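Novice: Construct all of the structure, not just a fragment, from the sequences and the given hints.
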Amino acid sequence: MTATRGQQDIHGYLAEFDDIPGTRVYTAARARKGYWINQFAMSLMKSENRARFKADERAYLDEWKLSEEAKEALLSRDYNRLLDLGGNIYFLSKLFSTDGLSFAEAVSTMTDMTFPEYREMMNNGGRSPEGVRSIKGKY
Amino acid sequence: MARITAGIGSSHVPLLGVAVDQGKTGDAYFGPIFQGYEWTRKWLETTAKPDVVILVYNDHASAFDANIIPTFAIGCGEVYKSADEGWGPRPVPDVEGHADLAWHIAQSLILEEFDMTIINEMDVDHGLTVPLSMMFGTPAAWPVKVVPLAVNVVTYPVPSGNRCWALGEAIARAVESFPEDLNVQIWGTGGMSHQLQGPRAGLLNREWDNRFLDLLESEGDAARHIPHIEYLRETGSEGIEMVMWVIMRGALGHAVTPLHRHYHIPCSNTAIGHIVLEPA
Chain A
1 MTATRGQQDI
11 HGYLAEFDDI
21 PGTRVYTAAR
31 ARKGYWINQF
41 AMSLMKSENR
51 ARFKADERAY
61 LDEWKLSEEA
71 KEALLSRDYN
81 RLLDLGGNIY
91 FLSKLFSTDG
101 LSFAEAVSTM
111 TDMTFPEYRE
121 MMNNGGRSPE
131 GVRSIKGKY
Chain B
1 MARITAGIGS
11 SHVPLLGVAV
21 DQGKTGDAYF
31 GPIFQGYEWT
41 RKWLETTAKP
51 DVVILVYNDH
61 ASAFDANIIP
71 TFAIGCGEVY
81 KSADEGWGPR
91 PVPDVEGHAD
101 LAWHIAQSLI
111 LEEFDMTIIN
121 EMDVDHGLTV
131 PLSMMFGTPA
141 AWPVKVVPLA
151 VNVVTYPVPS
161 GNRCWALGEA
171 IARAVESFPE
181 DLNVQIWGTG
191 GMSHQLQGPR
201 AGLLNREWDN
211 RFLDLLESEG
221 DAARHIPHIE
231 YLRETGSEGI
241 EMVMWVIMRG
251 ALGHAVTPLH
261 RHYHIPCSNT
271 AIGHIVLEPA
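Quick note, the sequences are listed as chains A and B, same order. Sequential numbering of the first sequence, starting at 1, is according to the numbering used here. Sequential numbering of the second sequence, starting at 1, is according to the numbering used here.
Source of the hints: derived by calculation from the structure; they are not laboratory data. Hints may be right or wrong, so weigh each one.
[Claimed, not checked] Derived Cβ-Cβ restraints for the label pairs, each shown as a range: (1) V79(B) with D19(A): 42 to 52 Å; (2) Q8(A) with T117(B): 17 to 27 Å; (3) Q8(A) with T47(B): 36 to 46 Å.
[Said to hold, decoys possible] If you want a taste of the chain A side facing chain B, the calculated C-beta under 10 Å gives, among others: (4) Q8; (5) R24; (6) N38; (7) Y60; (8) F96; (9) M110.
[Stated by the list, open to error] Coverage of chain A stretches by chain B, computed from C-beta distances (three or more under 8 Å per stretch; other residues unrestricted): (10) 11–22; (11) 39–48; (12) 76–90; (13) 97–104; (14) 116–128.
All of these numbers come straight from a predicted model, not from anything done at the bench. Quick reminder that beta carbons are idealized off the backbone N, C-alpha and C, glycines included.
Specialist: Here it is in structure tokens:
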């Protein structure tokens, strides 16, 4: 475990996050970009909002300050796209909970595996960190 | 005088709450996870008997939305209800606060230059209620009062390990200066390795997690210096929750006596870790 302490330069700190394969770290920039995606998702914590959303998803989304791209990603449940647009998984979990999906099933849709394949990988010890720690370092 | 008598680390996976609420804690999937908490449940009931738990956890977009993002927030209210996280609130007892101790800690921390956010009213999600269920099962009322301490581990930058350790030290000093005779524990929750997003989802790291547990059991403060990028690379994007265990460890001082340890893979997407430590 590498020792570091004290002040860090914010640019260097953030740049390292882009070196992790298959991962979108939820930075302030993503939080800004995805603000209304996340606030929309948050609204699904209320059962009356869930009912309204389920009755007419498009109409419910039109009430929010969302780009067309974001609305399409939400309607198609394209979670990797939503991460790119600044969605955060804990907020997006309100959407897949509304759909009745478990965390594991929703998470599996972001990988190249089916849910049964993903579940099997998890039961066999999960995805190994070997080779997926760093893009540049390839370790 | 109040004192911190022990620290507990535990994962807080929402599926564990589902297992408790649906009576599945003894089945083939969940049994091996819950068996690792039996020692702790007995020890809490018969030996440790804490009055108050300072419960360090993170809110998962339940009490706080994207609008307000406190780095460190302390619950100073009288009572907290279980949050509706999208499928209805967990059927667990209300969580009783200890407002006198919480306000004392909040004021002491601010004088120590930790600029805390103070919360009077909020609902608490699985981050807080799952550890209570793991340690106490399904009582009619929780046998402890709780001081919730919420940490931002979602929006980067999250607080550094160094700052978390120092916060733990300051919490311990604050507890010691509270005049009432109280048996206080501090729990650090979340983790261990897991990644819930992107093509790399499902990452688990048994070796790193166990090195982290070794570090918490050992003398000294090396755990405070683990950088965020190491948690991210080695333990997945959500493994960063382990900085909350660093707050717990920081509150216990230079050396500790390890009492119990448990590790299990997997629970849903996550590696389950659990540790019980006493200040030496």
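Novice: So, for every hint listed, does it hold in this structure?
Specialist: Evaluated hints:
{"no.": "1", "hint": "V79(B) with D19(A): 42 to 52 Å", "result": "holds (45 Å)"}
{"no.": "2", "hint": "Q8(A) with T117(B): 17 to 27 Å", "result": "holds (23 Å)"}
{"no.": "3", "hint": "Q8(A) with T47(B): 36 to 46 Å", "result": "holds (43 Å)"}
{"no.": "4", "hint": "Q8", "result": "holds (8 Å)"}
{"no.": "5", "hint": "R24", "result": "holds (6 Å)"}
{"no.": "6", "hint": "N38", "result": "holds (4 Å)"}
{"no.": "7", "hint": "Y60", "result": "violated (15 Å)"}
{"no.": "8", "hint": "F96", "result": "holds (8 Å)"}
{"no.": "9", "hint": "M110", "result": "holds (5 Å)"}
{"no.": "10", "hint": "11–22", "result": "holds (count 7)"}
{"no.": "11", "hint": "39–48", "result": "holds (count 7)"}
{"no.": "12", "hint": "76–90", "result": "holds (count 6)"}
{"no.": "13", "hint": "97–104", "result": "holds (count 5)"}
{"no.": "14", "hint": "116–128", "result": "holds (count 8)"}
In summary, the structure is inconsistent with hint 7 from the numbered list given earlier, while agreeing with all the others.
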